[in-house]
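*Asks:* These are the residues of each chain, in order.
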Amino acid sequence: MAQLATLPVLPSAPHYTAYKPRPFKREEREDVTLLFGGLTWKHERMMQGVLHNLKYKAEPLPNIKREDLDVGKELIDTGACCPTIFTTGNLASFLKEKSATHGKEHVNNKFVYLTAGACGPCRFGQYHQSYAMALDGLGMKDFRMFLLAQDELDQGEGEGGGLQINMPMSLGLIWSILCGDVITDLEYRIRPYETVPGQTDKVLQESVEYMYQAYLNRPLQGGKWGTMAWHLTTDYFTKALGEVRKMWDAIEVDRLRPKAKVKITGEFWLQTHEGDGNYNIKRWLESEGAEVIPPPVAVWLHYLMHPEIRKLERRQSTSKHPQLEHKLLQVLEKVYRGTYNRFRKALANIPYELPDQIELINLAKPFYHFELRGGEGHMLVGKALYSYHHKKAHMVCELSPYSCMPNTMSIGSMANVMGRYPDLLYAPIEVKGDAEVHALSRCQMILTEAKRRAQQEYEETLKETGLTVEAIRQYEAQHPEVKKATYKVPHMGHAGEATNYVLHLARDKQIARA
Amino acid sequence: MRIPTLPTWFATKASSAPTKKDRSQVRVGIPKVLNVWSTHQFWVGFLKALGVQPENIIFSSDTSEEQGREHGKGRGTVDCCYPVKCISGHYGELVFGQKKKINVLLSPMLYSIPSVLRGNVVDTLTCTRVMAGPESVKAGFLKERDVFAEQGIKYASPFVSLGDPHCVTDQLYDGLKDVFELDKKETEHAVAAGYAALDAFNAKARGQSRKILEWCAINQKPCILVMARPYHMDTGIGHEIEGELQAHGYPVLWLQYLPGDLDLLNWLFEEDMRIGRCKNPFDINDVWTSSYSSNTNEIMWGAKVAARCPWITCVVRLSSYECGMDQPTFTPAQKIVEATGTLFFKFGDLDSTKPAGSVRIRIETITHYLSKYSEDIIRKKRAYLSDQGPLLEGEWPERPEVEAESPAPQEQQEQVISVV
Numbered sequence: 001m002a003q004l005a006t007l008p009v010l011p012s013a014p015h016y017t018a019y020k021p022r023p024f025k026r027e028e029r030e031d032v033t034l035l036f037g038g039l040t041w042k043h044e045r046m047m048q049g050v051l052h053n054l055k056y057k058a059e060p061l062p063n064i065k066r067e068d069l070d071v072g073k074e075l076i077d078t079g080a081c082c083p084t085i086f087t088t089g090n091l092a093s094f095l096k097e098k099s100a101t102h103g104k105e106h107v108n109n110k111f112v113y114l115t116a117g118a119c120g121p122c123r124f125g126q127y128h129q130s131y132a133m134a135l136d137g138l139g140m141k142d143f144r145m146f147l148l149a150q151d152e153l154d155q156g157e158g159e160g161g162g163l164q165i166n167m168p169m170s171l172g173l174i175w176s177i178l179c180g181d182v183i184t185d186l187e188y189r190i191r192p193y194e195t196v197p198g199q200t201d202k203v204l205q206e207s208v209e210y211m212y213q214a215y216l217n218r219p220l221q222g223g224k225w226g227t228m229a230w231h232l233t234t235d236y237f238t239k240a241l242g243e244v245r246k247m248w249d250a251i252e253v254d255r256l257r258p259k260a261k262v263k264i265t266g267e268f269w270l271q272t273h274e275g276d277g278n279y280n281i282k283r284w285l286e287s288e289g290a291e292v293i294p295p296p297v298a299v300w301l302h303y304l305m306h307p308e309i310r311k312l313e314r315r316q317s318t319s320k321h322p323q324l325e326h327k328l329l330q331v332l333e334k335v336y337r338g339t340y341n342r343f344r345k346a347l348a349n350i351p352y353e354l355p356d357q358i359e360l361i362n363l364a365k366p367f368y369h370f371e372l373r374g375g376e377g378h379m380l381v382g383k384a385l386y387s388y389h390h391k392k393a394h395m396v397c398e399l400s401p402y403s404c405m406p407n408t409m410s411i412g413s414m415a416n417v418m419g420r421y422p423d424l425l426y427a428p429i430e431v432k433g434d435a436e437v438h439a440l441s442r443c444q445m446i447l448t449e450a451k452r453r454a455q456q457e458y459e460e461t462l463k464e465t466g467l468t469v470e471a472i473r474q475y476e477a478q479h480p481e482v483k484k485a486t487y488k489v490p491h492m493g494h495a496g497e498a499t500n501y502v503l504h505l506a507r508d509k510q511i512a513r514a
Numbered sequence: 515m516r517i518p519t520l521p522t523w524f525a526t527k528a529s530s531a532p533t534k535k536d537r538s539q540v541r542v543g544i545p546k547v548l549n550v551w552s553t554h555q556f557w558v559g560f561l562k563a564l565g566v567q568p569e570n571i572i573f574s575s576d577t578s579e580e581q582g583r584e585h586g587k588g589r590g591t592v593d594c595c596y597p598v599k600c601i602s603g604h605y606g607e608l609v610f611g612q613k614k615k616i617n618v619l620l621s622p623m624l625y626s627i628p629s630v631l632r633g634n635v636v637d638t639l640t641c642t643r644v645m646a647g648p649e650s651v652k653a654g655f656l657k658e659r660d661v662f663a664e665q666g667i668k669y670a671s672p673f674v675s676l677g678d679p680h681c682v683t684d685q686l687y688d689g690l691k692d693v694f695e696l697d698k699k700e701t702e703h704a705v706a707a708g709y710a711a712l713d714a715f716n717a718k719a720r721g722q723s724r725k726i727l728e729w730c731a732i733n734q735k736p737c738i739l740v741m742a743r744p745y746h747m748d749t750g751i752g753h754e755i756e757g758e759l760q761a762h763g764y765p766v767l768w769l770q771y772l773p774g775d776l777d778l779l780n781w782l783f784e785e786d787m788r789i790g791r792c793k794n795p796f797d798i799n800d801v802w803t804s805s806y807s808s809n810t811n812e813i814m815w816g817a818k819v820a821a822r823c824p825w826i827t828c829v830v831r832l833s834s835y836e837c838g839m840d841q842p843t844f845t846p847a848q849k850i851v852e853a854t855g856t857l858f859f860k861f862g863d864l865d866s867t868k869p870a871g872s873v874r875i876r877i878e879t880i881t882h883y884l885s886k887y888s889e890d891i892i893r894k895k896r897a898y899l900s901d902q903g904p905l906l907e908g909e910w911p912e913r914p915e916v917e918a919e920s921p922a923p924q925e926q927q928e929q930v931i932s933v934v
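Here the protein sequences line up with chains Z and Y, keeping their order.
Quick note on the numbering used here: the first sequence kicks off at 1 and runs consecutively.
Quick note on the numbering used here: the second sequence kicks off at 515 and runs consecutively.
To be clear, the hints were calculated from the coordinates, so they are not data collected in a lab.
These figures come from a predicted structure and were not determined experimentally.
Incorrect hints may appear among the rest.
Unchecked claim - In silico DSS-like pairs for lysine-lysine, Cα to Cα no more than 27 angstroms straight-line: (1) Z:K432 x Z:K391; (2) Z:K110 x Z:K25; (3) Z:K391 x Z:K365; (4) Y:K587 x Y:K657; (5) Z:K141 x Y:K562; (6) Z:K239 x Z:K202; (7) Z:K224 x Z:K55; (8) Y:K657 x Z:K391; (9) Z:K20 x Y:K793; (10) Y:K725 x Z:K365; (11) Y:K668 x Z:K365; (12) Y:K562 x Y:K614; (13) Z:K392 x Z:K320; (14) Y:K849 x Z:K96; (15) Y:K691 x Y:K587; (16) Z:K20 x Y:K562; (17) Z:K57 x Z:K246; (18) Z:K73 x Y:K849; (19) Y:K535 x Y:K614; (20) Z:K391 x Z:K320; (21) Z:K392 x Y:K613; (22) Z:K392 x Z:K451; (23) Y:K793 x Z:K141; (24) Y:K614 x Z:K365; (25) Y:K725 x Y:K735; (26) Z:K345 x Z:K202; (27) Z:K463 x Z:K432; (28) Z:K110 x Z:K65; (29) Z:K365 x Y:K698; (30) Z:K65 x Z:K345; (31) Z:K509 x Z:K484; (32) Y:K849 x Y:K735; (33) Y:K535 x Y:K698; (34) Z:K65 x Z:K96; (35) Z:K365 x Z:K239; (36) Z:K334 x Z:K392; (37) Z:K104 x Y:K668; (38) Z:K391 x Z:K463; (39) Z:K320 x Y:K698; (40) Z:K320 x Z:K365.
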């Protein structure tokens, strides 16, 4: 290499170079807004609280709209999966709108975009290539976009020092995601049974605002380890969730509505999203008489951190203490689950527990190897079988983006699962973003059978226990606590909430037979 | 010194040579699909070292619509890209279409693969569909009943990261010990033999590519780089497009076998390293930051080499319909190639049917541009490089006079992108 410096200077070739953002400087922090998105409005509002707490200006991108698909398609290469197109279009629409009002230069200087990167072989880790292409197409190559690795808590200071991905930020964001998950679970478990329509959404809004304030006022602890110790031991968040629980106490529910329970799985963005990006399928399912089990982001984070699953990723590790690292990861995984359970407990254990990752591996084993990476890997097969064996849901609805590489492979493997378990109700829904009727009608075909099963299971249970609706209503009048949204109905071995409720009253509360 | 005791004195001494079991009659079928196209020599070397006779290692034939119709019909489980979808036909051919039955169907799940870029990229993983393809395809043979068992075939699909040699013995031992009754020692020996065979083959193929470049340099003739994934060498997937170009007299190089010789690459990337654009000739961070996927990384690297090598005057990109790994690379790869005026043509959305008519028309267009602009492109790209190049060994023609900026001719830019 030393010889190169002595060589004569040649005409410089006009070679292509990839997008590289200019530095985001520390002194810009007060004037520059961090944009982010990709989760639900609930998660994003709490994340905003974390960022505001750290003195960043931060704003989630507006929720995805159908028009974003068209905007995205115009700006990136053909053949992209719909999450790429939607999220690119979402960012582009925002930038276009802001530029129209304030000018491109203002937008380039006053906003930066923070997005997840690094997802191994899947296209998810390459979304930023599409964003960069869109910026080029919009004539905004000066706009800054930064990647947030999903598997590093402390990534240090970015170039310029404007963005510090450190322990207070990472743990704050993870904790806010966990709180977003448990509150979302609560929402979906309650809304189908609310007696006053709209009450759940109203309380939900108030709860999320309350949690935003909790994150905004999070006491900042000094140092990396101090922050970690505080997050792991404090009751600050469980107390806040306890207050949220009190808000939900006010909601009255009628659990004697047999509803098909539908477990949502699929590609990460598509399954998490609530809006036009997945045809608002969760709300649509509720309107069709289903209770939805939403997929927590926490399961994905659990998958990413699990020491057994991540073993192969450490194959290039140069660590001197691999055994110690492995043990530490095992401890970390236990602490993570413990934290999630503490949050669940604060909400009366109504949110679902995280599935055991080892069980998911074992369930998926004959069909899909757990070390196959990209997307949700073996988890889609594992989760479908977990719901089936544990009778957690009547039906599994897998949302798969058109041309999603990992999803198509696990859907293919599900053919083998279906051969082995023909009574598993499974609806793989391909989502293109612009074929709503087709997707929903496909889902409805399976949902019809799920609803029939839910009704049948409920009626058989009434018959078996000898209880009548009138007797239960009478009991409810005498014991109004069972009608509270936060009253925990234990899982009695059936998927349906109504069925479990009847069994619970019959067995645990010993309601007299008719 | 250790004092011998009776048990140690009479204990059976471990032999340094692996135990050899008789596997001469075992017939192993390997579907010739996806990344088997770039790793086949490993599997041949591995199986031969285990005692499987070369004539008993049976690769399925090239992909064809007939193969899918005859052997894969009704076995598909999902709609995806053709290179994965067609695997059902390959499995079917090995299961049902052999005069002499196979005993084992070996369809490895390749997690990572060897690459010349290793060490300079984040990882060398395969596409998610490549690694998981066997799981999806086998479902079509198991969903109603176990077809493999019915045919007396052992189905073996070891998970293996060939890009990480230190993991491979354990992975293949775990995945194949029951199939071949392996012991650890012989697995280790066979893995080493597999890598040796693969390395020897790759070195030979890269050497051939270098000879082509030398010939081009001496004769000041252009050649074409085919920028594609390994399975596009399959005549049923790549549709022999490169063969038609070759028939017009243009030598063809395949991306997977570009020479990796440092003397040549240091010369091509001399200026890049001097100004700090890249650390070494295998560094692609300047053009592709999310460098996880091995084949994608190599495509970006190949585009860089093509943009710099004077005699590669044309790049032909092949891409299959619905390829999610190719999709984000379309524009960057084209921009890399065209930045120095190199011709770029893309045959995109390739599927099961060969669009013979449109391919012929495109070939005519490509050869027209090659004949018209190659001389100029060679001259311009030569000007970016120092005089002392390795290919000619002092026989350089007179250094051409060129301007620093050399955009592609307008007419050429208008024609370069077109999809079959």
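*Asks:* Of all the hints given earlier, name the ones this structure violates by number, lowest first.
*Replies:* Violated: hints 1, 5, 10, 13, 15, 16, 17, 20, 21, 24, 27, 30, 35, 37, 40.
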